[in-house]
Amino acid sequence: MLAMLRSSRARYVVASIFACSLLPSLHAQTTEADIKARLKGKPLYLRGLWREDKLHFDSQGALIGNSSTVTFTVCGFDLKSVKLKSDKLILEGPRVGLELADDKQTRVQLDFPMHIEIAASPSGDYGPALDAVFVDGLDKLVPSMPVYWKSYAEKNFLPPSSAATPTAPSANSDSQSPNTTPRKIAGAISPPKLVSSVMPNYNSVAKDKKYGGSVLMNFWVGSDGKISHLSVRRPLGLGMDEDAMAAVERYVFKPAMENGKPVTVELNIETAFSIH
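In case it helps, mature numbering (1 follows the signal peptide of the UniProt record, and there is no 0) puts the sequence shown at residues -28 to -1, 1 to 248.
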């Protein structure tokens, strides 16, 4: 279980209607060999971003029981074993993390073995259930990613032919109107002053992998000194971006000033994770 990772920033909207089929040719093919051919070696991710490592689904791919969620950067899956029984399909393999340093996407095996069971449907067709449980690439997750990931994800996770215009981050604080335009720090505008900061949590997944670096976050500091419009500009992955965001959200600023009056400005801040 990934109990060491925060999940407050990993509340994704899971689509109930799937426009894309993960396994379009799986229908009526129920042998273990067929399932392996379509799942093994693929860049699979848990569509629902489930935290639990033992998951049970009904014949439609709906989760049985409860599971909180975590970030997509610790929700990969690498199929190692397929067991097709008369009443269910059993899939086993390690959970997979995603490193994003230098804008590269590197899947790394984590020390969390997963056990996934899917109940058999009357027709014996596992295709719809597998479509509901897995996606076979990051591009399928982009539409449901939280707003602070949208701009980066649309630029880096979508194929060039389908890349959307980057989404401007929307407010995640009531301190500013969404129509406010931040000023640039230059000339008569003095930068905001950091009054207090918070050290980020260094989650155990990243520590175990001896993985470090820095996360670059972009945000607004309002005329009231409050932070809003957070977005990821340069990520690390493995849950560290959410760790950085949780820390930055607790920063306290004195607002930027122009001619003696507080103004809203845009700011970038790096959060470092050092390996000791």
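Watch out, some of these pointers could steer you wrong.
What the hints assert, rightly or not - With a straight-line Cα cutoff of 20 Å, these simulated EDC-like cross-link-like pairs (lysine to aspartate or glutamate) come out: (1) 165 to 221; (2) 122 to 83; (3) 181 to 111; (4) 233 to 221; (5) 165 to 238; (6) 122 to 111; (7) 127 to 74; (8) 181 to 30; (9) 57 to 4; (10) 12 to 83; (11) 57 to 83.
As the list claims (entries may be wrong) - If you anchor each label on the Cβ, the simulated ranges turn out as follows: (12) 62 to 180: 43 to 53 Å; (13) 167 to 127: 24 to 34 Å; (14) 59 to 8: 43 to 53 Å; (15) 160 to 13: 54 to 64 Å; (16) 156 to 8: 51 to 61 Å; (17) 166 to 5: 29 to 39 Å; (18) 83 to 238: 38 to 48 Å; (19) 38 to 152: 38 to 48 Å; (20) 186 to 95: 21 to 31 Å; (21) 156 to 78: 56 to 66 Å; (22) 119 to 248: 12 to 22 Å.
Hints are computed from structural coordinates only; laboratory data are not their basis.
Glycine residues also receive a C-beta, built at the ideal position from the N, C-alpha and C atoms.
Quick rundown of the hints versus the structure:
{"no.": "1", "hint": "165 to 221", "in the structure": "15 Å, holds"}
{"no.": "2", "hint": "122 to 83", "in the structure": "29 Å, violated"}
{"no.": "3", "hint": "181 to 111", "in the structure": "25 Å, violated"}
{"no.": "4", "hint": "233 to 221", "in the structure": "24 Å, violated"}
{"no.": "5", "hint": "165 to 238", "in the structure": "13 Å, holds"}
{"no.": "6", "hint": "122 to 111", "in the structure": "11 Å, holds"}
{"no.": "7", "hint": "127 to 74", "in the structure": "14 Å, holds"}
{"no.": "8", "hint": "181 to 30", "in the structure": "34 Å, violated"}
{"no.": "9", "hint": "57 to 4", "in the structure": "10 Å, holds"}
{"no.": "10", "hint": "12 to 83", "in the structure": "19 Å, holds"}
{"no.": "11", "hint": "57 to 83", "in the structure": "27 Å, violated"}
{"no.": "12", "hint": "62 to 180: 43 to 53 Å", "in the structure": "27 Å, violated"}
{"no.": "13", "hint": "167 to 127: 24 to 34 Å", "in the structure": "33 Å, holds"}
{"no.": "14", "hint": "59 to 8: 43 to 53 Å", "in the structure": "20 Å, violated"}
{"no.": "15", "hint": "160 to 13: 54 to 64 Å", "in the structure": "58 Å, holds"}
{"no.": "16", "hint": "156 to 8: 51 to 61 Å", "in the structure": "55 Å, holds"}
{"no.": "17", "hint": "166 to 5: 29 to 39 Å", "in the structure": "59 Å, violated"}
{"no.": "18", "hint": "83 to 238: 38 to 48 Å", "in the structure": "39 Å, holds"}
{"no.": "19", "hint": "38 to 152: 38 to 48 Å", "in the structure": "39 Å, holds"}
{"no.": "20", "hint": "186 to 95: 21 to 31 Å", "in the structure": "51 Å, violated"}
{"no.": "21", "hint": "156 to 78: 56 to 66 Å", "in the structure": "35 Å, violated"}
{"no.": "22", "hint": "119 to 248: 12 to 22 Å", "in the structure": "33 Å, violated"}
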